[in-house]
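There are 2 protein chains.
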Amino acid sequence: MKNFTYQVPTKFVFGRGAENEVGREIRALGGKKVLIHYGGGSAVRSGLIGRVQAALEAEGIAHVELGGVQPNPRDTLVYQGIELARREGVDFVLAVGGGSAIDSSKAIAHGICYDGDFWDFFCRKAQPERTTPFGVVLTMAAAGSESSNSCVITQASTLTKRGLSSELNRPKFAIMNPELAMTLPPYQIACGATDILAHIMERYFTCEKEVDLTDRLCEGAMQAVIRAARIAVRNPKDYDAQAQLMWGSTIAHNDTVGVGRVSDFGSHQIEHELSALYDVAHGAGLAVVFPAWMRYQMHKDVMRFAQFAVRVYRCDMDFEHPERTALAGIEAHEAFLKDIGMPITLKELGARTEDIPALAAKTKKTNLADQTTGGAFPMKTEDIEAILRIADR
Amino acid sequence: MKNFTYQVPTKFVFGRGAENEVGREIRALGGKKVLIHYGGGSAVRSGLIGRVQAALEAEGIAHVELGGVQPNPRDTLVYQGIELARREGVDFVLAVGGGSAIDSSKAIAHGICYDGDFWDFFCRKAQPERTTPFGVVLTMAAAGSESSNSCVITQASTLTKRGLSSELNRPKFAIMNPELAMTLPPYQIACGATDILAHIMERYFTCEKEVDLTDRLCEGAMQAVIRAARIAVRNPKDYDAQAQLMWGSTIAHNDTVGVGRVSDFGSHQIEHELSALYDVAHGAGLAVVFPAWMRYQMHKDVMRFAQFAVRVYRCDMDFEHPERTALAGIEAHEAFLKDIGMPITLKELGARTEDIPALAAKTKKTNLADQTTGGAFPMKTEDIEAILRIADR
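For the protein sequence lines, the chains are A and B, in the order given. The numbering used here numbers the first residue of the first sequence as 37 and each following residue consecutively. The numbering used here numbers the first residue of the second sequence as 37 and each following residue consecutively.
Since the hints were derived computationally from the structure, they do not count as laboratory data. Certain hints may be false.
Pairs involving identical chains hold if they fit within one copy or between any two copies, as the list cannot separate such chains.
As the list claims (entries may be wrong) - Derived EDC-like pairs: lysine to aspartate or glutamate, alpha-carbon spacing no greater than 16 Å straight-line: (1) LYS68 with GLU124; (2) LYS69 with GLU124; (3) LYS273 with GLU246.
Treat the numbers as computed from the prediction; the structure is a model and nothing was measured.
Please put together the full structure from these sequences, using the hints given.
Have a look at this one:
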């Protein structure tokens with residue numbers, strides 16, 4: 037178990053009707069002029085934006101709105117948000133939506149109080165030193181951005197998708213009403229569940245030894261998310277399944293299940309290239325990359341992959357051939373992904389075989405010293421290419 | 037799943053040598069004069085207090101000391117601490133020790149800035165509205181007080197043990213070096229592990245339905261704590277086992293595994309009377325009370341107790357007779373407690389049969405409306421008496 041520092045100061049307000057608390061929460065934090073930042077028109081049509089506005093007005097809080105956040109949120113809208121916020125004297129940013137609205141809001145919040153170009157934070161030219169207070173009304177379970185220290189933005193001109201890790205990325209509050217996810221199409225629920233699982237698996241497949249407690253927290257969380265996802269894609273109105281997914285999304289990515297471990301996040305880096313190039317849903321991209329990554333990496337630690345198979349999918353342990361158990365776990369995971377309607381091949385995703393070398397080459401090298409990608413199972417460009425070729429079946 | 041609000045702002049600094057960070061953490065919080073509050077001489081003899089003092093002095097932070105905290109910490113020392121802190125102009129309280137030192141420090145921190153008698157907070161005459169910033173250097177895994185919202189103090193003159201729940205009870209930071217627990221006697225390690233498990237079980241045995249995610253987090257945490265406890269009582273120098281126990285103590289009692297559930301804490305109330313009357317270790321008291329409580333309550337929800345048996349102790353499910361599985365789980369838990377050297381009967385604890393009616397009558401009624409004790413499985417005085425008689429074997 038590794039040494040660690042851990043602090044998640046975000047306040048969670050969870051349950052039916054929670055969005056009605058948003059005015060009180062912002063007033064308690066001293067916010068006077070709020071930028072409400074959201075995605076498509078569904079948040080308006082469903083009446084959610086109206087309820088949020090009413091909750092602010094009930095506390096005497098002024099607001100301006102900026103909609104139009106897309107999946108894989110773009111820098112262009114972030115620039116617009118920063119300009120609008122400065123012009124209007126905004127002192128609090130409120131994301132209403134999922135990971136895209138939240139990440140776009142984080143970037144706006146940091147950008148408001150930075151003299152340079154906010155993209156500096158994403159291309160490592162600068163680290164944010166302060167931010168504008170921001171909060172979240174979550175409408176879907178997926179990215180975990182409602183309390184994670186991460187934020188991912190795509191530069192529209194180059195289709196470069198880059199992440200920023202910073203403690204400043206933790207929202208002041210996250211308001212989480214599982215009912216708000218009930219109107220999502222099953223495909224989007226499935227994408228979200230896949231993202232949640234991927235966040236856990238990026239932590240679970242570690243090279244760190246003696247991490248029994250967090251192993252078991254990861255395994256328990258994965259089992260619950262798998263069970264809830266199967267229910268929610270069939271019946272999006274199932275409150276309890278949506279509730280497990282929504283809280284699951286939070287703990288999957290705020291390190292509740294990941295402290296003291298070496299995490300990997302290589303699959304996330306590969307996926308970032310897929311969704312930047314083809315504009316596919318992040319979860320769908322992960323559904324394709326992760327099983328291929330597992331098939332490629334399992335030989336480096338067969339017993340860990342066997343443990344995944346036995347404890348998460350309750351596969352029988354083959355004590356004579358642990359690699360067969362490891363493989364059975366990957367197959368069970370693929371069967372789950374298919375069951376909830378996810379693609380598991382590049383073809384299903386609409387990706388082209390001829391793009392593979394470029395995708396592999398472009399994948400960000402997270403380890404600068406040896407130019408590899410991934411924390412626990414580092415990959416060179418040729419490893420990434422091999423993984424993409426496994427996915428190209 | 038119930039609606040909930042959850043916020044744990046405590047910063048955790050975990051791992052080898054973490055105590056050397058204490059000066060930097062307090063300086064970052066603006067502390068200038070620290071009350072170092074601890075228990076017996078072992079913290080002095082081991083050199084820990086000296087290292088803490090050196091870490092403060094390296095940052096130019098002044099300090100005064102107050103040792104002598106006992107297990108089941110007394111109000112008398114709290115009064116002394118409040119007076120000393122006021123006289124010396126203390127602006128930060130630092131607990132060095134386990135749950136007793138931390139709880140005593142919490143009470144002192146609240147008392148410093150309260151004009152009345154701090155006991156008002158424990159007998160429900162007042163709620164604390166502010167406190168003095170305080171932090172923790174943890175030396176044992178048990179109470180979880182390093183980030184919980186609870187605090188328990190015993191009034192020496194009446195031997196009344198009372199708890200205070202308040203968000204103000206969350207420390208600013210918790211410095212957690214598992215090496216510091218390596219010098220504890222195995223009996224104390226076992227008491228700590230029993231307390232950790234009890235904190236999880238008080239949440240696990242719920243009447244709330246559809247709590248699969250937190251069920252599984254509870255089960256995973258229990259399995260890891262059981263495994264680590266068996267190792268640590270045999271070899272207290274096993275860093276990894278101590279590390280699982282130490283982080284386990286934290287997540288067991290800060291609601292990481294308990295959000296959205298109805299918890300019980302009836303066993304804790306019964307135990308408070310045992311340790312107040314006989315001054316036994318809290319963990320040892322829980323080892324006696326909990327199995328008896330389970331034997332008495334299992335009939336009210338056989339399937340939940342069977343789930344505990346199957347998922348935590350890997351008992352075979354008897355589908356025709358689930359109550360046999362439930363009982364097997366309780367027996368497995370008793371066998372575990374015996375294995376780590378805990379008592380499981382009142383006699384082993386030194387308690388007297390003739391005290392049972394008074395113990396039952398004195399147990400705090402947590403539900404004022406119907407004068408019962410416990411959240412999920414409420415007990416009248418006669419239920420408590422029956423449970424104590426089961427423990428009196």
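Now for the hints, and whether the structure bears them out:
1. LYS68 with GLU124: within (11 Å within a copy, 40 Å between copies)
2. LYS69 with GLU124: The answer is within: 8 Å in one copy meets 16 Å, while 43 Å across copies does not.
3. LYS273 with GLU246: Intra 40 Å, inter 14 Å, cutoff 16 Å: inter-copy only.
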